[in-house]
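Generate the whole structure from the sequences, applying the supplied hints.
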Amino acid sequence: MENRWIAYLIPPFIVTLLLVAGSQFVFIQNSFYQDLGLGRTGTDLTLVNYLKFFTDSFYLKTFWITIKVSAIAALLTLFLGFPIAYVVARMKSKLAMFLLAGIVVSTFVTIVIKVFGLIIIFSADGVINKTLLNLGLIERAYSIIGTQEGVVIGLMHFTIGFSVLLLYSVVVTVPPSLEYAAQIHGASRLRVYQRVIIPLCAPGFVVGGLMIFNMCMGAFTSAALLGGGRVLTLPVLVQRTVMMEVKYSTAASIAFVLLVSVILINLFSLIAIRRLRSARLVVA
Amino acid sequence: MSGVRLDKIVKSYGSTVAVNDVSLDIKEGEFLTLLGPSGCGKTTTLRLISGFIQPTSGAIHFGNKDVTGIAPQHRQIGMVFQDYALFPHLTVSENISFGLVERRYEKAAIKKRVDELLALIKLKEAADRYPSEISGGQAQRVAVARAVAHPPSVLLMDEPLGALDLKLRETMQAELRRIQQELGITAVYVTHDQSEAMNMSDRIVVMNDGIIEQIGSPRDIYSNPHSVFVANFIGQVNVLECKVSSKKDNITELDYNGQKIRAKQEISLRQGTNIFLAIRPENIKITAKATRNPQNTLKGVVSEALFSGNVMKISVELESGDCIKVECQPKANSFELGSSVHVNWLPEDCSILLN
Chain A
1 MENRWIAYLI
11 PPFIVTLLLV
21 AGSQFVFIQN
31 SFYQDLGLGR
41 TGTDLTLVNY
51 LKFFTDSFYL
61 KTFWITIKVS
71 AIAALLTLFL
81 GFPIAYVVAR
91 MKSKLAMFLL
101 AGIVVSTFVT
111 IVIKVFGLII
121 IFSADGVINK
131 TLLNLGLIER
141 AYSIIGTQEG
151 VVIGLMHFTI
161 GFSVLLLYSV
171 VVTVPPSLEY
181 AAQIHGASRL
191 RVYQRVIIPL
201 CAPGFVVGGL
211 MIFNMCMGAF
221 TSAALLGGGR
231 VLTLPVLVQR
241 TVMMEVKYST
251 AASIAFVLLV
261 SVILINLFSL
271 IAIRRLRSAR
281 LVVA
Chain B
285 MSGVRLDKIV
295 KSYGSTVAVN
305 DVSLDIKEGE
315 FLTLLGPSGC
325 GKTTTLRLIS
335 GFIQPTSGAI
345 HFGNKDVTGI
355 APQHRQIGMV
365 FQDYALFPHL
375 TVSENISFGL
385 VERRYEKAAI
395 KKRVDELLAL
405 IKLKEAADRY
415 PSEISGGQAQ
425 RVAVARAVAH
435 PPSVLLMDEP
445 LGALDLKLRE
455 TMQAELRRIQ
465 QELGITAVYV
475 THDQSEAMNM
485 SDRIVVMNDG
495 IIEQIGSPRD
505 IYSNPHSVFV
515 ANFIGQVNVL
525 ECKVSSKKDN
535 ITELDYNGQK
545 IRAKQEISLR
555 QGTNIFLAIR
565 PENIKITAKA
575 TRNPQNTLKG
585 VVSEALFSGN
595 VMKISVELES
605 GDCIKVECQP
615 KANSFELGSS
625 VHVNWLPEDC
635 SILLN
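Those protein sequence lines, which keep their order, are chains A and B. By our numbering, the letter at position 154 of the first sequence is numbered 154, and the numbering carries on one by one without gaps. By our numbering, the letter at position 215 of the second sequence is numbered 499, and the numbering carries on one by one without gaps.
Honestly, the hints are just simulated from the structure, not real lab data. A quick note: this is a predicted structure, and the numbers were derived from the prediction, not measured. Certain hints may be false.
[As the list claims (entries may be wrong)] Restraint ranges, calculated between C-beta atoms of paired labels, are given here:
no., chain 1, residue 1, chain 2, residue 2, range
1, A, 123, B, 391, 26 to 36 Å
2, A, 128, B, 393, 31 to 41 Å
3, B, 340, A, 92, 16 to 26 Å
4, A, 274, B, 392, 50 to 60 Å
5, B, 348, A, 92, 28 to 38 Å
6, A, 13, B, 451, 31 to 41 Å
7, B, 391, A, 105, 49 to 59 Å
8, B, 400, A, 105, 53 to 63 Å
9, B, 340, A, 117, 41 to 51 Å
10, A, 117, B, 300, 51 to 61 Å
11, B, 348, A, 271, 34 to 44 Å
12, A, 274, B, 435, 57 to 67 Å
13, B, 391, A, 272, 40 to 50 Å
[Unchecked claim] Sample of chain A residues facing chain B (criterion: CB under 8 Å; computed from the structure):
no., residue
14, 173
15, 175
16, 177
17, 180
18, 184
19, 187
20, 188
21, 190
22, 196
23, 197
24, 199
25, 204
Glycine included, each C-beta is placed from N, C-alpha and C at the ideal position.
The structure is reproduced here in structure tokens:
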């Protein structure tokens, strides 16, 4: 009965496949030809673009910075998102629905608007700098634009909504009665988190953390705007290589490195988690 | 281990009063059941004892110690939840040892105690299984073991058998009672199931609308209900509205629709007061002809007769228009619908409801 309808899905599947895989294929294939600049490529298959990436300290540094800011942003976003998700998930009133709706809406506001908001708040004569100056906590205005901290803040701003929604869906699967049971049998609030909530949410942290990490690795707008040309991440570098240097093959090789590294990092993380789980340190 | 005393406990949420002036003295080692329909305040009372919520006014004592305002983790209680609330990421023995670890028992002591409890709940073979790998009845026993691992002042149980099927529920009632007796622990049990309450309890507290309707042993509550609510809530009952006509020694004479009815009960009500009289269906005899001693006899017509295996359930429409339910042994000479019959009962088998 249901199988009959699957046939109708085949045409859209083929179109999607052609559009995604096809374009990716052309793109990736391009990365295996030497870049002669201005969009021209050599005729022989070669790994020279990749060799350049992995031998040039500029590219390696960019690669490292991308992973670093993404990992820091993902971790901080989890830490920041969890308490919010927990409070909303445990709320009994209808307010919870309004809060969730607010999070969803603000998450889907275009990142450009959100980043400009950040820039206004954190700019040299913005609210935060002025307040800190007036309180005498800092001696001169400090701008986050063009700093790695700024990029991390931008990435967190970009992903916090997703992290709250993700973690919310994890927390609601932990029945409150487990917390009562833990508490009544002698656990303090801290121990309830340590022994019940955190272990039960651990798989959610891992998956959620990886998803946020992936989003950060591929984030362009916040990294470009808050990096201000001084902090380069791989997506920003790809854009510059294509748009400003017109080196298509080089850009393609950078993008492919980014893609493969994200896949590998996810794979290794999940394998590591499975190892831990079989050693019964983390729960399914 | 100790008794529990509730002193004029009131718990209100805004303008709604969930528990209204409840005082209760639970003896050491007693199995006490809070019984009532949903929303009667029984679960709120349990949660007040557990410390998850604090009373609006009144005090709670465990033994001589005032525990009002003390957090649940410092009250030394054990609790069994309706959904078991076993930790899914811990094995059976880790679940049982949860409270022991939290209370910093030594490793050897924990192992010894867990082994003891596994023997008590007869689940030695399941020690290393996870809660998802054991049955509902086994999970409930593990929940009990976890609750009593660190000997609690009082064991609280919130409809723990609600999720089990009928047959398993009956086995578990006996099992819970056995564990409670073996440990000699004070237990407070919440249920809306009157037969469960009757089967397990030393005493039953019938609650309704946030107040205590009656406290007593199962037998006492069944045979001497104080109110229409209690009489109706516990088992089947016939309630007849009567007027007090005279009092003599311990016999009260009542007037029901012009008929004289005698009840063996002393009351302090004045003559002419309207009261309700409760008679259990199984205490009523039904005969085709009037008996020689026409005491407490009413005439009527059979309006319904149901055969339900061990008993015959007959409804008799009285001359007054009231219907009276009778339960009797299903004999060969069953009563036909529409036949005239007499129903009678002994003065000691009925009770006057005071409100």
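Interface hint outcome for residue 180 of chain A [beta carbon to chain B under 8 Å] = Holds, because the Cβ-Cβ distance from residue 180 of chain A to chain B comes to roughly 6 Å (cut-off 8 Å).
message = Taking 28 to 38 Å as the stated bounds, is the beta-carbon spacing between residue 348 of chain B and residue 92 of chain A within them?
response = 36 Å, holds
task = Note whether the CB distance of residue 128 of chain A and residue 393 of chain B lies within 31 to 41 Å or breaks it.
result = Taking Cβ atoms as reference, residue 128 of chain A and residue 393 of chain B lie about 55 Å apart, which means the hint is violated.
query = If you take the shortest Cβ to Cβ gap from residue 197 of chain A to chain B, is it below 8 Å?
reply = Since chain B brings no Cβ nearer than about 11 Å to residue 197 of chain A, farther than 8 Å, the hint is violated.
request  = Just tell me: holds or violated, for the beta carbon distance of residue 340 of chain B and residue 117 of chain A against 41 to 51 Å?
outcome  = 46 Å, holds
query = If you take the shortest Cβ to Cβ gap from residue 187 of chain A to chain B, is it below 8 Å?
reply = With a minimum Cβ separation of about 5 Å from chain B (threshold 8 Å), the hint on residue 187 of chain A holds.
message = Taking the Cβ atom of residue 13 of chain A and the Cβ atom of residue 451 of chain B, is their distance within the range 31 to 41 Å?
response = Distance hint for residue 13 of chain A, residue 451 of chain B is violated at roughly 52 Å.
ask   = Per the CB criterion, is residue 199 of chain A less than 8 Å away from chain B?
value = 5 Å, holds
request  = May I ask you to test the interface hint for residue 173 of chain A with respect to chain B, counting a Cβ-Cβ separation under 8 Å as satisfied?
outcome  = Violated: closest Cβ of chain B sits about 10 Å from residue 173 of chain A, beyond 8 Å.
key: Pairwise beta carbon distance, residue 391 of chain B to residue 272 of chain A, judged against the given window 40 to 50 Å   = Given about 29 Å between the Cβ atoms, the range is violated.
ask   = Is the interface hint for residue 190 of chain A satisfied, with its Cβ closer than 8 Å to some Cβ of chain B?
value = Check failed: Cβ of residue 190 of chain A comes no nearer than 11 Å to chain B, outside 8 Å.
Proposed interface contact between residue 204 of chain A and chain B, which counts if any beta carbon pair is under 8 Å = 13 Å, violated
The structure is inconsistent with the numbered hints 1, 2, 4, 6, 10, 11, 12, 13, 14, 21, 23, 25, although it conforms to all the rest.
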